[in-house]
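Q: Read off the chains here:
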Amino acid sequence: MATTPVVNEGALPPGRAQSFVRRLQAGEELAYLVTATAAATIFLITALILYELFSQSAVSRHTLGWSFLFTSTWDPVAGNFGALPFIYGTVVTSVLALLIAIPLGVGAAIFLAEMAPMGISNALTFLIELLAAVPSVIYGLLGIFVLIPILQRSVVPALKSVLGGLPIFHGTFYGVSVFSAGIVLAVMIVPFIISVSREVLLSVPNDQREGSLALGSTKWQTTWKVVVPFASTGITGSIFLALARALGETMAVTMVIGNTPQIKASLLAPGNSIASVIASQFAEATGDLYVSSLIELGLVLFGVTFVLNGLARIMIMTTGRKGAH
Amino acid sequence: MINRLILPAVAAASLAGVAFAALSLTGAGATFPYPMYSKWFNEYNKLHPDIQINYQSRGSGAGIQQVTEGTVDFGASDGPMNDKQLATFKDKRGCEALHFPTVLGADVPTYNIPGVTADLNFTPAALAGIYLGKITKWNDPEIAKANPKVKLPSSDIVVVHRAEASGTTYIWVDYLSKVSPEWKEKVGVAAAVNWPTGLGGQGNEGVSGQVKQTEYAIGYVELIYAIQTKMPYGNVQNSSGNFVKADLASVTAAAAGAATNMPADFRVSITNAPGKNAYPISSFTWLLIPSHIADANKKKAILDFLHWMLGPGQKMTAALSYAELPKQVIAQEEKAISKIQ
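Protein chains in written order, with the working numbering: chain A, 1 to 325; chain B, 1001 to 1341.
The set of hints was computed from the structure by calculation and includes no laboratory data. From a predicted model like this one, the values you see are computed outputs, not experimental measurements. A virtual CB, placed ideally from N, CA and C, is assigned to each residue, including glycine. Do not rely on the hints blindly, as some may be mistaken.
[Unchecked claim] Simulated coverage check for chain A against chain B, where a stretch passes if three residues somewhere in it have a Cβ under 8 angstroms from a Cβ of chain B: (1) 169-176; (2) 206-215; (3) 258-269; (4) 283-289.
Next up, chain B with everything else stripped away, as it sits in the complex:
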């Protein structure tokens, strides 16, 4: 059904590309990196006017589905494909789906407690407890012990989460699953889950709006959204026991911490990553590229774009508030590009 709906749009986009460029590539998927991708594809097109890359930001699920069906040249996702999805891909396409990390993102906890202006510290147990509905008051000992200087009210916590399925939620619940066995068992990890408690807001703006309007509320939003809208947000305790405020450096540090154990296929979750300064609720976002590309021109263009993205492309990330990839990961990806046949 998705594909039937998308096809005309993709066809139209491809046609538009053909009119202006000799070669047109089409991709679809994650919305979180869309501003970055859009900038990259635009800049790349300036350097190579004969190559036009069209990207439909329709969500990670759609990206995985469309690249599996072969209706787009590449997909993009905020969560790596699981083993079952990879097997389906191999069945349908006769080759592997390769993951290439492009940039990094993070989720931050944001809250609205009248009278509290300081940045709050959150332990993993506090965040898991709040979202499981077990910690219901702001002055709960688990929150209070991490914030000895703050006078916390005894009010009920109003929990806010994303209403729609999203990569932001995936990162958040992936983190909660790692730090809380109870969360892993009861709720699990997905782009949308069966929330034990709380209200659903539509999009980052829905969650932040709900938090701003509701006293004693807590929610989570993407770091970029928090930076761009200048929202206050809390620090989270990482696996080394330090309370870290999310910023581009601490997110890249999380990726660097995880890079030492980077699997060859890049399908790695970097939530709760090791590292003194690593921000624990961070994640890669990936491009999904088939390991076999029949069209020689398309293959050449994709290879060239990947090299460019890992080189000059990474220099453009900070301007849009995305954290750049650590050097080790870039080096490993450069090698992996040769897997595309």
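Bound-form chain A, shown alone:
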């Protein structure tokens, strides 16, 4: 790596200054400065968001203390604020989305990278990446007008008749629910998993495949036992990128989740999520405690994301060892 960045050029002896200029012309110092600035900016933005969320939520943190995290009432009139139903809704919808999106996304990525002819693979990938560019309000509308009627007419009655004994499928289904939100989120995050995982699978060196085939493995054994483990780090990364997207999704979730801050065992019951309640209530929130509580919810979401990112790192470290490195 290059030397430390030079802050004050004029103070340097002429010889060193000249060599700095030469290196600048060669691009070394410039590249260092530009990339370091870029990295520092990202760090600064993150730190600033965290600082703002922390300082602006002071009223709520002091008034409500830790009970904010563990109580379930959200009463702007009386000034009682509890984040638990929102945390629950955010985590449950995101996990549900991952449970659906991981098999679908990784499966599709394996097919596109390893099995499909290149032309088809490229065309399909292009379409999948288009999906990632659809605005979330469109997903929300599709959720309300297409998905929910289908769920009401066929999927939920079928689920109830087969798995109706499970508490997660109890109760009346009004269409808007944690379940619907999870499915909409799954559709929204699948493109991230497919797109990134496919790239990672394609970048697995061909000698890995050839070596495996030469040892007598079948095509599928090669894919499943050699290529996928080799790419597992990147695939895990794509899953956590998708998870982050699911945790922070606002518009599509608020349109289909039912916006009822409650914790019910049934996935068919309406719920609410952190991002959704912030978006719905921030503009009209009056009073210091109310605004401050909404900002503290932002801090909580930051915390949830932080914890899950940490988990991602641990998983990458453990699965990385299994890979071919």
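Once you've looked at the hints, dock chain B against the given chain A.
A: Coordinates of chain B only, in the frame set by chain A:
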């Protein structure tokens, strides 16, 4: 935080104004009257090309907050400022916040009961009971007695309310508080409340969409939204005992009923107003203007706009489905304009 986020937007809006006009006024607040305000500011600008009024429809809460901070020339709100907010305003700005009613709005109950096409009648006790979660079946005696000719099903009522904080909700719960002591005590009045029951829809379209898709659902939407989307809606029993269908005339009648007792500061709720034809779930929406405006040009422009809004401006309301102010209120406001120094 809000202000820090808004400032650049306001600054940009002001700059845009400066480029085209000699004088630029900035306001922020309620979304409900935004189409009306936007039309007014546009028409007013045609008459006075040197005055540009920019309005950010970011919600009533934001309107109150920004006019209190002094980052805008005027605010706008669907609910009047409370005493605490007025005290804060006085502390920060050194003058009073004046309320000027501009137009009227109303909330209407809308429902989806298969087989029922007639307009349903709702008593105050029925609406409060449904939203408290105490009346759970459509054939409940409280609903049935007001609709003797309708065959009501025994199905469970699915209650829908607004998910986000909104002026529409404020009017709805303000009404429920007046007609139901239990609501007042248990839930109270605010732009967002801790709902005893029901599902939350995002915006008028979210509530109406949810009602349309869910059999046996009931929700509430703004009258203008119901008129423009041609939604069916029910009649509500007013304080004289009549079942009244909301329309521009019955909403103006509610304001006229309340005008006899209009306080000098216009901070009045006109839900459940007296009057034979008054629609009970109606409300004013207000402009919030500081009583002292240091900039003489801005002051002159605001005074002139208020006079214009109360005169020719009121003639434009019906075209956009807003109910116009009753004459008594206009006369009283004309006098109040002189309070701006």
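Q: Need the list of violated hint numbers for this structure, in ascending order.
A: 2
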